[in-house]
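Visitor: Below, each chain spelled out in residue letters.
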Amino acid sequence: MTKYVIRRLLQVIPTLWGVFTILFVIAYLMPGDPLRAVLGEQYHRLEPSVVEAARDELGLNDPFHVRYLDFLGQMLSFDLGYSFILKQPVIDVIGYRLPRTIQLMSGGLLVGVLIGVTAGVLAAERQNTWTDYGLMIVALIGVSIPVFWQGLLAQLFLTQDKYGIALFPVAGYEGGSISHMILPSLVLGTSLSATLARVTRSAMLEVRGQDYVRTARAKGLPWYATLMRHQFRNALIPIITVIALDISGLFTGSIVTETIFSWPGLGRAVVVAIERRDTPVFMGILVFGALVFILINLITDLLYAVINPRIRYE
Amino acid sequence: MSTGESRVATLQALPEQRTSNRMRFWTSFRRSKTAMIGLIIVILMSGGALLADSIAPFDPIEPHYSDRLVAPGGPYLLGTDELGRDIFSRLLYGARISLVIGLIAQAVSVSIGIVMGLLSGWYGGWVDDVISRFTEIVWAIPGLMFLIVVVTIFEPSALTIFAALGLIAWPGQARLMRGQVLVVKEMEYVAAAQAMGASTARIMFQHILPNAIAPMIVVATLGVAGAILTESTLSFLGLGIKIPNPSWGTMIDIGRNYTTNAWWYAIFPGLAIMITVLGFNFIGDGLRDALDPTQYN
Chain C
1 MTKYVIRRLL
11 QVIPTLWGVF
21 TILFVIAYLM
31 PGDPLRAVLG
41 EQYHRLEPSV
51 VEAARDELGL
61 NDPFHVRYLD
71 FLGQMLSFDL
81 GYSFILKQPV
91 IDVIGYRLPR
101 TIQLMSGGLL
111 VGVLIGVTAG
121 VLAAERQNTW
131 TDYGLMIVAL
141 IGVSIPVFWQ
151 GLLAQLFLTQ
161 DKYGIALFPV
171 AGYEGGSISH
181 MILPSLVLGT
191 SLSATLARVT
201 RSAMLEVRGQ
211 DYVRTARAKG
221 LPWYATLMRH
231 QFRNALIPII
241 TVIALDISGL
251 FTGSIVTETI
261 FSWPGLGRAV
271 VVAIERRDTP
281 VFMGILVFGA
291 LVFILINLIT
301 DLLYAVINPR
311 IRYE
Chain R
1 MSTGESRVAT
11 LQALPEQRTS
21 NRMRFWTSFR
31 RSKTAMIGLI
41 IVILMSGGAL
51 LADSIAPFDP
61 IEPHYSDRLV
71 APGGPYLLGT
81 DELGRDIFSR
91 LLYGARISLV
101 IGLIAQAVSV
111 SIGIVMGLLS
121 GWYGGWVDDV
131 ISRFTEIVWA
141 IPGLMFLIVV
151 VTIFEPSALT
161 IFAALGLIAW
171 PGQARLMRGQ
181 VLVVKEMEYV
191 AAAQAMGAST
201 ARIMFQHILP
211 NAIAPMIVVA
221 TLGVAGAILT
231 ESTLSFLGLG
241 IKIPNPSWGT
251 MIDIGRNYTT
261 NAWWYAIFPG
271 LAIMITVLGF
281 NFIGDGLRDA
291 LDPTQYN
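For the protein sequence lines, the chains are C and R, in the order given. Just so you know, we're using my numbering here: the first sequence kicks off at 1 and counts up by one. Just so you know, we're using my numbering here: the second sequence kicks off at 1 and counts up by one.
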């Protein structure tokens, strides 16, 4: 086990290096003069020599390999740099935005798990009935609906009286109040709930044929006890795996959801930073996102090894 | 020798076996109502896209300034946009962009996935290590953010979007292919082919690939759905292909400014995306069930 854990941890190093390299090349190729972003209006008024000096100072005139090594050095010292436009360290930008994105993602996760798992269990219990078919078709529609369009529908029908009812605020954060969270969470959680409904259904069906479930039923346990203790608990592994893998999906979904609902999170920040050519900010967030994803992959793999001894001894 | 005879017998029986498998696949696929609905949706959408020139009642680009934001009904089946252009006609032309991008991007991604999976599964060892690491690197990059940045760098042309979508979507497919190859390469017919001195290329493409491809077909179909969704998301964020012909996502992006007085503007393109994506997902699901070998027995 220790050997496996060490090997798996060592694998993270080349992965990180590769991710950093790809991201650096992308940023290096980014068109547009970052100085325009740094200097703003002054860019056109300043003497060319002053602009050139500023460029030197920022290291923008250094050759590719120097900038690459600088960047790797920065990454190794956990330094994400300084925003050109917001005039504050990128880590502070992330520090301010991350809790808001996590809040939104938690809302989406809650929606996804509650709706998805319930629908999946119900569909499995009513296998091959209209309930089952209906739920599974709704689930397929759920993965087919574009997130941004769903957000627009929600805004069209649930936030104004003209075509629908004004139940919720159109957009905004307002200190993260529940009423502002409901629509974005629903929109963000839809795709996850649809995926989870399908996975839960098939996991429950697989478990239902097991001997211990039959035994539990035969010894006269009430159906809900069999359902929860014998079936659901054993169906949890695929469900949890899908949730873990879908965290990155929630993160991607939050980019669009935050844009539609003006939610001040990382996703919105990335889109704005790219529009303004604020390289340090979007690079910082990309690096951060990649780190989180690598970490989730690592944890998932290690958990598999804990659960499944065959992986450990391979 | 009797073994020789029986081998000849097997060889002769093989084509028949194959057609009957194909028949069983088709029967099973046809039995699924949702798969058939999906097929019909995709055929209708492709037909609309191909025949847009003759079906579309109006020119998709030419404005009619006196008919701005006209509600659905009358000559404008699905209403008009802010320049008085017919939304139905624009949707037909938009189908071209969505379908072509979805199919080509997915073809790029599946090809990379298949090659990577074949190589790492077949050779194992350091080849597998290198490819697996590379797969994980690409997998770790947040997809949509990567696409936004790449499209900003290289301008959103059709080529950029095919390439970028394809280059970011393959890791899952490579992993699946690798897993398939690991199973198939232990099969006796592979050992037999090796014993008969078949070349590595021949074994890979004649023996491994056909027997490992079934789940890839399913994943590729679902991937087309995903690629269409991603393309529309990029267009919605204002990073779609810049050509006069409309893309569905772009229409929604512009239409959302008019939701208070022209609901149809943003609704119908979204419906078009959803129905098309649903069509591919239905087909993918039907294929998964029909290709599942456990169902044949």
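Quick caveat, the hints were computed from the structure, so don't treat them as lab data. Since the model is a prediction, treat every value here as computed from it, not as a measurement. Where hints are given, some of them may not hold.
[Stated by the list, open to error] Here are the simulated SDA-like pairs of lysine to any residue, each with C-alpha atoms no more than 25 Å apart in a straight line:
#, chain 1, residue 1, chain 2, residue 2
1, R, LYS33, C, THR131
2, C, LYS87, C, TYR68
3, C, LYS162, R, GLY84
4, C, LYS162, R, THR260
[Claimed, not checked] Covered stretches of chain C, as calculated for chain R (at least 3 residues, CB under 8 Å):
#, stretch
5, 153-160
6, 248-255
[Stated by the list, open to error] Label-pair distances were calculated between CB atoms; the ranges are:
#, chain 1, residue 1, chain 2, residue 2, range
7, R, GLU188, C, VAL138, 43 to 51 Å
8, R, LEU167, C, SER77, 28 to 36 Å
9, R, PHE154, C, ARG229, 31 to 39 Å
10, R, ARG30, C, LEU76, 33 to 41 Å
11, R, GLY73, C, LEU114, 53 to 61 Å
12, C, LEU69, R, LEU167, 24 to 32 Å
13, R, ILE43, C, LEU72, 32 to 40 Å
Beta carbons are placed, not taken as given, at the ideal position from N, Cα and C, and that holds for glycine.
Visitor: A range of 53 to 61 Å was offered for this pair. Does it hold for the Cβ distance of GLY73/R and LEU114/C?
Guide: Given range 53 to 61 Å: violated, Cβ gap about 40 Å.
Visitor: Taking the beta carbons of GLU188/R and VAL138/C, is their distance inside 43 to 51 Å?
Guide: Since the Cβ atoms of GLU188/R and VAL138/C sit about 45 Å apart, the hinted range of 43 to 51 Å holds.
Visitor: Assess, step by step, whether the Cα of LYS33/R is no farther than 25 Å from the Cα of THR131/C, and give holds or violated.
Guide: holds (16 Å)
Visitor: Is the coverage entry for the stretch 153-160 of chain C by chain R consistent with the three-residue Cβ rule at 8 Å?
Guide: Coverage by chain R holds here, the residue count being 4 at a Cβ distance below 8 Å.
Visitor: Confirm or reject the claim that LEU69/C and LEU167/R have a C-beta distance inside 24 to 32 Å.
Guide: Holds - the Cβ-Cβ distance for LEU69/C and LEU167/R, about 26 Å, lies within 24 to 32 Å.
Visitor: Falls inside 31 to 39 Å, the C-beta gap from PHE154/R to ARG229/C?
Guide: Violated - the Cβ-Cβ distance for PHE154/R and ARG229/C, about 55 Å, lies outside 31 to 39 Å.
Visitor: Given as covered by chain R, does the stretch 248-255 of chain C meet the bar of three residues or more with CB within less than 8 Å?
Guide: holds (count 4)
Visitor: LEU167/R and SER77/C, beta-carbon distance inside 28 to 36 Å?
Guide: holds (30 Å)
Visitor: Is the hinted pair LYS162/C and GLY84/R satisfied, with a Cα-Cα distance of at most 25 Å?
Guide: With a Cα-Cα distance of about 23 Å, the restraint between LYS162/C and GLY84/R holds, given a limit of 25 Å.
Visitor: Would you mind confirming whether the straight-line C-alpha gap from LYS162/C to THR260/R stays at or under 25 Å?
Guide: holds (7 Å)
Visitor: Taking 33 to 41 Å as the stated bounds, is the beta-carbon spacing between ARG30/R and LEU76/C within them?
Guide: Because 58 Å falls outside the window, the suggested range is violated.
Visitor: Quickly compare the C-alpha distance for LYS87/C and TYR68/C to 25 Å and report which way the hint goes.
Guide: Distance ~23 Å between LYS87/C and TYR68/C Cα, so the pair holds.
Checked against the numbered hints given earlier, the structure breaks hints 9, 10, 11 and 13 and satisfies all the rest.
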